[in-house]
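Keeping their order, the protein sequence lines are chains A and B. Each step along the first sequence adds one to the number in the numbering used here, with nothing skipped, and position 40 is 40. Each step along the second sequence adds one to the number in the numbering used here, with nothing skipped, and position 150 is 301.
What the hints contain is simulated information worked out from the structure, not anything from laboratory work. Be careful, since some hints might not be right.
Some chain A residues well away from chain B (every beta-carbon gap over 10 Å; in silico) [what the hints assert, rightly or not]:
no.	residue
1	Pro-38
2	Trp-41
3	Arg-43
4	Ser-63
5	Met-70
6	Val-79
7	Ile-104
8	Gln-109
Restricting the straight-line Cα-Cα distance to at most 20 Å, the calculated cross-link-like pairs of lysine to any residue (SDA-like) are [unchecked claim]:
no.	chain 1	residue 1	chain 2	residue 2
9	A	Lys-144	B	Ser-226
10	B	Lys-367	A	Asn-11
11	A	Lys-140	B	Gln-265
12	B	Lys-367	A	Asp-69
13	A	Lys-112	A	Asn-11
14	A	Lys-144	B	Glu-268
15	B	Lys-367	A	Ala-33
16	B	Lys-323	A	His-18
17	B	Lys-391	B	Asn-235
18	B	Lys-295	B	Glu-268
19	A	Lys-140	B	Glu-268
20	B	Lys-376	A	Ala-33
21	B	Lys-391	B	Asp-310
The C-beta atom is built at its ideal place from N, Cα and C for all residues, glycine as well.
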Amino acid sequence: METLLPDWAPNIHPMIIHFPIVLWLVAVLVDLASLFLPKSWLRNMTITLYVLGAVSAVAAYLSGDQAMDMVSVPMQGEVTAGNHSDWGHYTLYFFTAYAIIRLILFWKQWDKKKWLAIVLFILGTLGMGMVAQTADLGGKLVYKYGVGTQK
Amino acid sequence: MKTLKRTVYAVILLAAIASITACSQGKKSEQAESDEHGHSEMKAESHHDEEAIHEHSEDENHAGGHNEMTKEAGSNRTWTPSGNGTELIKSDFHFITGSAKNIKAEVTEVDESQVLELIADGTPTAFVFHNQYGNVGMIATLKKLDFKGTIRLIHHAKDDSNYEFVSIIDNKMKLGRVINGTEKVFDESTFEVDSDWVPLKVTAAGTHFKGYIGDKTITHGHGDKMENGFVGVMLEGNGKVLIKSVEIAVLEDE
Chain A
1 METLLPDWAP NIHPMIIHFP IVLWLVAVLV DLASLFLPKS WLRNMTITLY
51 VLGAVSAVAA YLSGDQAMDM VSVPMQGEVT AGNHSDWGHY TLYFFTAYAI
101 IRLILFWKQW DKKKWLAIVL FILGTLGMGM VAQTADLGGK LVYKYGVGTQ
151 K
Chain B
152 MKTLKRTVYA VILLAAIASI TACSQGKKSE QAESDEHGHS EMKAESHHDE
202 EAIHEHSEDE NHAGGHNEMT KEAGSNRTWT PSGNGTELIK SDFHFITGSA
252 KNIKAEVTEV DESQVLELIA DGTPTAFVFH NQYGNVGMIA TLKKLDFKGT
302 IRLIHHAKDD SNYEFVSIID NKMKLGRVIN GTEKVFDEST FEVDSDWVPL
352 KVTAAGTHFK GYIGDKTITH GHGDKMENGF VGVMLEGNGK VLIKSVEIAV
402 LEDE
């Protein structure tokens with residue numbers, strides 16, 4: 001896998017992390033659209049995006065865990081690195097649990113109930129907030145502390 | 152009526168042009184201000200750097216007097232030895248186990264640098280700086296001459312039975328903590344060094360603990376956050392160890 005990496009890339013983590021961010025964001029938007037347009041293709045698309053988002057979050061977590069000990073973190077960046085790692089864990093647990101719950105509700109067709117669809121959308125938005133927090137800390141590691149760069 | 156409409160449109164058009172022009176001039180002047188500001192910030196930063204270097208050089212030139220390490224979050228400070236070894240170890244550190252007589256201290260010159268030479272007699276001895284820290288990083292640049300035993304960097308230390316540590320013995324590193332005399336190991340691994348001088352580093356950031364050799368992570372573990380405590384060096388063994396410098400970083404919280 002490492003041979004596929006471009007020379008400038010410190011590890012595979014930066015290549016993977018954008019997948020859960022985008023998949024989850026689009027899932028939340030499609031979920032919102034399906035609240036107003038209750039079409040089955042929107043419902044199918046939402047569940048597919050949430051599941052793909054959770055799968056890519058597992059990949060992001062595994063690559064991040066590996067990257068943490070490969071890159072050089074300046075001492076002042078250690079607290080941010082620790083918090084980024086912690087939020088990465090929380091986000092993964094949330095994504096996995098949420099995707100499993102959505103799959104069950106989808107299978108039972110309970111997610112067609114309006115009130116439940118609204119609750120699920122709100123939870124999905126909360127998950128997006130966790131992604132944003134994790135991404136913010138990751139950005140700080142790179143752009144404030146130069147982790148994974150050639151600095 | 153047509154004339155009135157034309158006049159209104161003309162006024163709107165002129166107002167739009169005027170506001171666009173004003174906006175672009177505003178942006179230019181903002182840019183100019185920002186450039187100027189950036190320039191003065193650069194100066195300020197470089198002044199700050201000069202100050203930092205000056206502070207550092209003062210530390211380097213101190214003659215073994217009481218040397219306060221930094222307590223300010225986000226700051227780094229490097230301790231380097233000079234003057235009389237016995238006086239230095241008594242003024243800059245205090246002992247949580249053992250005493251100065253167990254690690255005969257002398258300041259000598261090696262490779263054009265002043266280093267602290269310690270000759271350990273086998274009694275476990277730990278000397279720590281006077282300040283207590285929470286989230287902290289420490290790098291000790293040291294060299295084992297004929298020393299046989301374990302060298303530990305300790306942090307969050309309360310006494311000889313309660314502290315956290317990264318230790319090296321031969322090429323093995325161990326990361327862990329001692330609570331009420333019971334050792335709990337978070338992680339252990341082996342390492343290789345290219346030179347005789349070993350840049351041994353430990354960081355404690357919340358519940359994350361890491362042991363490094365230079366920039367390379369060797370051990371990484373997790374545990375509950377401990378109360379603030381002292382940071383320093385513990386020797387358990389016999390023989391001679393040299394310490395070139397100790398850098399302390401009070402880690403920035405989020």
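Checked hints:
{"no.": "1", "hint": "Pro-38", "verdict": "holds (42 Å)"}
{"no.": "2", "hint": "Trp-41", "verdict": "holds (42 Å)"}
{"no.": "3", "hint": "Arg-43", "verdict": "holds (39 Å)"}
{"no.": "4", "hint": "Ser-63", "verdict": "holds (16 Å)"}
{"no.": "5", "hint": "Met-70", "verdict": "violated (8 Å)"}
{"no.": "6", "hint": "Val-79", "verdict": "violated (4 Å)"}
{"no.": "7", "hint": "Ile-104", "verdict": "holds (32 Å)"}
{"no.": "8", "hint": "Gln-109", "verdict": "holds (42 Å)"}
{"no.": "9", "hint": "A:Lys-144 <-> B:Ser-226", "verdict": "holds (15 Å)"}
{"no.": "10", "hint": "B:Lys-367 <-> A:Asn-11", "verdict": "holds (15 Å)"}
{"no.": "11", "hint": "A:Lys-140 <-> B:Gln-265", "verdict": "violated (38 Å)"}
{"no.": "12", "hint": "B:Lys-367 <-> A:Asp-69", "verdict": "holds (8 Å)"}
{"no.": "13", "hint": "A:Lys-112 <-> A:Asn-11", "verdict": "violated (42 Å)"}
{"no.": "14", "hint": "A:Lys-144 <-> B:Glu-268", "verdict": "violated (38 Å)"}
{"no.": "15", "hint": "B:Lys-367 <-> A:Ala-33", "verdict": "violated (48 Å)"}
{"no.": "16", "hint": "B:Lys-323 <-> A:His-18", "verdict": "violated (38 Å)"}
{"no.": "17", "hint": "B:Lys-391 <-> B:Asn-235", "verdict": "holds (17 Å)"}
{"no.": "18", "hint": "B:Lys-295 <-> B:Glu-268", "verdict": "holds (10 Å)"}
{"no.": "19", "hint": "A:Lys-140 <-> B:Glu-268", "verdict": "violated (40 Å)"}
{"no.": "20", "hint": "B:Lys-376 <-> A:Ala-33", "verdict": "violated (44 Å)"}
{"no.": "21", "hint": "B:Lys-391 <-> B:Asp-310", "verdict": "violated (24 Å)"}
Checked against the numbered hints given earlier, the structure breaks hints 5, 6, 11, 13, 14, 15, 16, 19, 20 and 21 and satisfies all the rest.
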